[in-house]
Amino acid sequence: MFEKILVGIDGSEGSKKALAAAIAIAKRFGAELQSISVKERPSHYAATVGEVMEDQEEVNKFFAHVTEEALDLAKKEGVLMQCEVRAGHEVQVIIEFARQVHFDLLVVGFMGHSRVFDRIWGGTSQNLTKTAPCSVLVVK
Amino acid sequence: MNIWLVASLWVGLALAASMLSIRLGMAVALVEIGVGVLAGNLLHITPNDWINFLAGFGSILLTFLAGAEIDPDVLRANLKESLVIGTVGCLSPAIGAFSVAYWILHWNFQSAAICGIALSTTSVAVVYAVMIETGLNEKEIGKVILSACFVNDLGTVVILGLLFANYNRWLAAFVVLTGVVLWSLPAVTGWYFRKVGNRVSEPEIKFVLFILFILGGMAGIAGSEAVLPAYLIGLVLARQFLHNRVLMHRMRAIAFSILTPFYFLKAGSLVAVKSLVSPLAIIIVVGLLAVKMVTKFIAVMPSTLAFRFGRRKSLYTTLLMSTGLTFGTISALYGFSHGYIDRQQYTWLVTVVILSAIVPTLIAERFFRPGDESPTEPVAVALVAAGNRAESEA
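These protein sequences, in sequence, are chains A and B.
Read in this note's numbering, the first sequence has 11 at position 27, and its numbers run on one by one without any break.
Numbers in this note's numbering are just positions in the second sequence, counted from 1, shifted up by 6.
I should point out that these hints are in silico values taken from the structure, not numbers from a laboratory.
Misleading hints may appear alongside valid ones.
Here are the computed distance ranges between Cβ atoms for each label pair [claimed, not checked]:
{"id": "1", "chain 1": "B", "residue 1": "17", "chain 2": "A", "residue 2": "24", "range": "49 to 55 Å"}
{"id": "2", "chain 1": "A", "residue 1": "86", "chain 2": "B", "residue 2": "17", "range": "51 to 57 Å"}
{"id": "3", "chain 1": "B", "residue 1": "25", "chain 2": "A", "residue 2": "113", "range": "28 to 34 Å"}
{"id": "4", "chain 1": "A", "residue 1": "115", "chain 2": "B", "residue 2": "141", "range": "21 to 27 Å"}
{"id": "5", "chain 1": "A", "residue 1": "56", "chain 2": "B", "residue 2": "364", "range": "39 to 45 Å"}
{"id": "6", "chain 1": "B", "residue 1": "316", "chain 2": "A", "residue 2": "24", "range": "25 to 31 Å"}
{"id": "7", "chain 1": "B", "residue 1": "308", "chain 2": "A", "residue 2": "25", "range": "26 to 32 Å"}
Ideal Cβ placement from N, Cα and C applies to all residues, glycine included.
Isolated chain B, as found in the complex (with noise of 0.2 Å):
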C-alpha cells in the first residue's frame, strides 16, 4: 500500500474514534485505543517507521502538555503535602506490582520492573475531570490532590528516564545539559516570547518542539526516555503557558489532531486480543489491578487521613489517584518498544491501565463520591442577577 493510503487508514481510524467518542461522551483517548485494539486484531494494522515517529512524537508532546498544567504555584503552596502523597502513592504500586511480578509471575527484572512502572502512576486528567463535578477542583484539598497527582507522575517519569538509562558519560552530558535547559528556560523563553510575539509562523511552538527534540535526543543517548526531560520542561514552563492559553490551544490542537492520534492507535494496536482470552490472563489482569489500587490504599489512605481529609473524602481521594491512563501506556509501549516484556505482557499491562482509568473512577463515582457539592455555575447566577437588575429596572 502507498504512503497516503496507509496515511488514509490511520486518520480514518482517527477519525472514527473522534466520532465515536462525540457519540459515546468519552474522551477520545481511550476510544483511540479501543480502535486500535480492534483495527489491530481484526485489520491487523502495524506501524511502519513514520507511524512510530509521529506516535513518539505524540507522547513527548502529550507529556510536556501534562508537565505544563501543573500551576506552579499551587504546587509550591502545597509543596509538603503533594510531595508526601505523590510520592508515597508512586513508590508503593510501583514495589508492590515489581514484587508479584518478579517473585509471582517469575518476570525477569526488567519486565517487573516495567511492570511495577506502569502501575505507579495516576492520570491528573481523570482526577481532575471527576473532582470538576464535585467542585474540588476550586478547594484547597482539591489542589493538594492535583498536585500529589502531578508528583506521582514525576515520579513514574524519573524512574522510567533514569531506572534503564546506560549509566555513562553521555547520560552525565545529558544530566547536566537537561539542567542548563531547565535552569535557564523560563527566563530565555519569556524573553523570546516577547521578541517574536505571535506570528502565523508560530516561532514560539517551533521553539518548544526545538528543545524537546534536543533533549529528547540526548535522552535517546544516554538510554533514558525523551518523555522524561518533555515533562520537566512543560514543568519550567508552566507559567508561560499558563499565562498564553492561545499558545496552549494551538499546541494542543497539534497534538491532537495528528500526533496523539498515532500515539493511541498505535499503542491499542499492539494489544493482542488472544492473549487475554485465558483464565490465567484474566486472573493476572485482575490481580494486577488489583494490586495497583491496594498498593495506592495502603500508602495513599494513611497520607490523606494524616493530612485530616476525612474518612470518605480520603477514600475518594485514594480510588481517584489509583487511576492510570497516558504514562502507564507510555511505560508499557516503551517497555515493549526496547524489548523489556514481550506482547502478551503488553497486552497484560495496557489492559490493567485501561481498567485502572475506569474501574477505580466507578467505584468512587457510586459509593465515595462526597455529597452535596455539586457547583452551581457562577456563568448561570451572574446572568441571573443581570436579568433581575434589568427586569427591576424596566
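Okay, chain A solo, but in the shape it has when bound (with noise of 0.2 Å):
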C-alpha cells in the first residue's frame, strides 16, 4: 500500500511517536522511509558572524544526536533510513521534499500549540495536512 514513506522528526515526544509508528508502516509494508528534519533558519540580525556560527553548530549538534538515535532506532527494527536535514520553514520544507521525492506517506507528530496560536496561524501538522501532495498520518 506505501512504498516510499517519509517521516518528520526534530527530537520532540510527538515526533518520536511518529517515527516509531512510521518505523512500524514501513516494516510492515516493506517501504523506504526516509526521515527528514528541519532546524530553524539562523537568526538573522546578528552583530557577529561568530554568534551565527556557533548557533548554527549548536543545532547541527542537536540534529545529528537525533538523526543518530533515529537511525538507531530503525535499525534495531531491521528498517533501512535515510535522513535529511534542511533549513528553513519546517511546513513548507517538508512539503517541498514530499513533492520532490515522490512519497505517498507523510507521517508526523501531533504538535500542540495554544489554542489562540493554531487559530491564528494554524497548527503545524494542521497545515501539513492541508497542503502535503499525499496522505499524512498524524500520530497522538
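Two chains, two frames, a set of hints: combine them into the complex.
In C-alpha cells form, the structure reads like this:
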C-alpha cells in the first residue's frame, strides 16, 4: 500500500511517536523510509558572524543527535532509513521535499500549540495535512 | 539608587532581552536595542559613567571580533572584486545620505557626515546568516560578497576614524604607532601565544585587550575613534583567531555576557520615541532608508553584474549589502556622544539603521532568494552512510 514513507523528526515526544509509527508501517509494507528534520533558519539580525556560526553548530549537533537516535531505532527494527536535515520553514521544507521525492505517506507527530496560536496560524501538523501532496498520518 | 541596584537593573534588562531573543528566535543585539528603547522611554534609565565605559568597551570588542572574523586568505583571493564592490558599496550611500541630510534636510556638515557614515555600512553578520540558508556562504560568490561586506565596513570605520580627527601631531603619532603595532602584531602575538599557552588567568585575552586599550586611548587623544584601531587589530590577528576557536569563543563570551548588552541597551535607551511620532519624522526615516537602499543599488548592482553574478543573485547581493546594524549604531552613537548630532537626529538614524537590518533582508528573502540551493547537511549524509553501512554489515 505504501512504498515511500517520509517521517518528520525534531527530537520532540510527538516526533518520536511518529518515528515509531513510521518504522512499524515501513516494516509492515516493506516500504522505503526517509526522515526529514527541519532546522530553524539562523537568526538574521546578529551582531557578529561568530554568533551565527556558534548558533548553527549547536543546532547541527542537536540534529546530528536526533538523526543518530532515529537511525538506531530503525536499525533495531531492521528497517533501512535515510535521513535529511534542511533549513527553513518546517511546513514549506517538508512539503517541498515530499513533492520532490514523490512520497506516498507523510508521518508527523502532533504538535500542540495554544488555541489562540492554532486559530491564528494553524498548527504545523494541520498545515502539513492541508498542503501535503500525499496521505498524511498525524500520530498523537 | 546604589551601584549594585543600578547594575541589577541593567543586567536585568539584558537578561530579559536574552530570554526574549530565545523566545522570538531573534539575535540578541536587536532585541537588546528594543528593550533599551522601552527602558529609556518608559523607565527613563540613563547611562552613567561606568555604564558608558562598559558600553564603549563593548563597542570596541564587538568591532575587534568583527575584524577577526574575516578569513584573510579569502579576502586576498577575492581582493579585486571585494575592493571594488565594498568600496562603492560604502562610498555611494555615504555620499548619497550626506547629500540628502546636508542639502535637503539642512543638517550641518558634521550631522550630515554622521548620517552618511551611519548609512554607509553593511552587516557582515546579517549577510552571513542569510547566506547559510542558501548555501552561498560555501560558494565562491558568497565568499566574494562577505569579503566585500568586510571592505565596506572597513571603509565606514576608516571614514569615522579620520573625518573627525584633529589633524595634528597626536594624529601623526597615532597613525605611526598604529602602523608599527599592526605590522608587528601578528608575529609578536604568535610568539606570545606560543609562549604563554592556555592558562586559567587568560594572558592571551589580557594581551589583546591591552593592545586595544592602548591604541584606543591614542585614537581618543588624536580625536579619532577607538573602533578604528580595534577593527584593524582584529584584521591582522584574524589568522591567529581563526586557528584558535576556543580563544575566540572566550572573547565572544566576555563580550556578549557583560559588555555588548550595555552597548546595545544604551544605544536603544537614547532613542526618543516621541521624535518618531510625527508625519515629518516618518517621512525622514522612510526617506533615509530609501536613500540607503537606492544608493547601494546604484553602486553594488552594476559591480555585481560586471563580476557575472547574474541578475537574480546581483539583486539579492545588493539587498543584502543594504543591511546594517552594528557599525550603523556605533557611528550614530559616536555622533551623539560627541555632540555632532542631537537626540532627534540620533533617534532617526538608529531607527533607519534598525530598519535597514530588517527591510532589505525581508525583501531579499521574499522575492529574490536564489532557488534550489537549500543545503543538505553533511552530518546527516554521513550518518546515513554510517547507518547503511552498519545495516549491510548486519
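Cross-check of the supplied hints:
1. B:17 with A:24: 49 to 55 Å: Given about 27 Å between the Cβ atoms, the range is violated.
2. A:86 with B:17: 51 to 57 Å: holds (54 Å)
3. B:25 with A:113: 28 to 34 Å: holds (33 Å)
4. A:115 with B:141: 21 to 27 Å: holds (25 Å)
5. A:56 with B:364: 39 to 45 Å: holds (42 Å)
6. B:316 with A:24: 25 to 31 Å: holds (28 Å)
7. B:308 with A:25: 26 to 32 Å: The hinted range 26 to 32 Å holds for residue 308 of chain B and residue 25 of chain A, with Cβ atoms some 30 Å apart.
Hint check: a violation occurs at hint 1 only; the rest are consistent with the structure.
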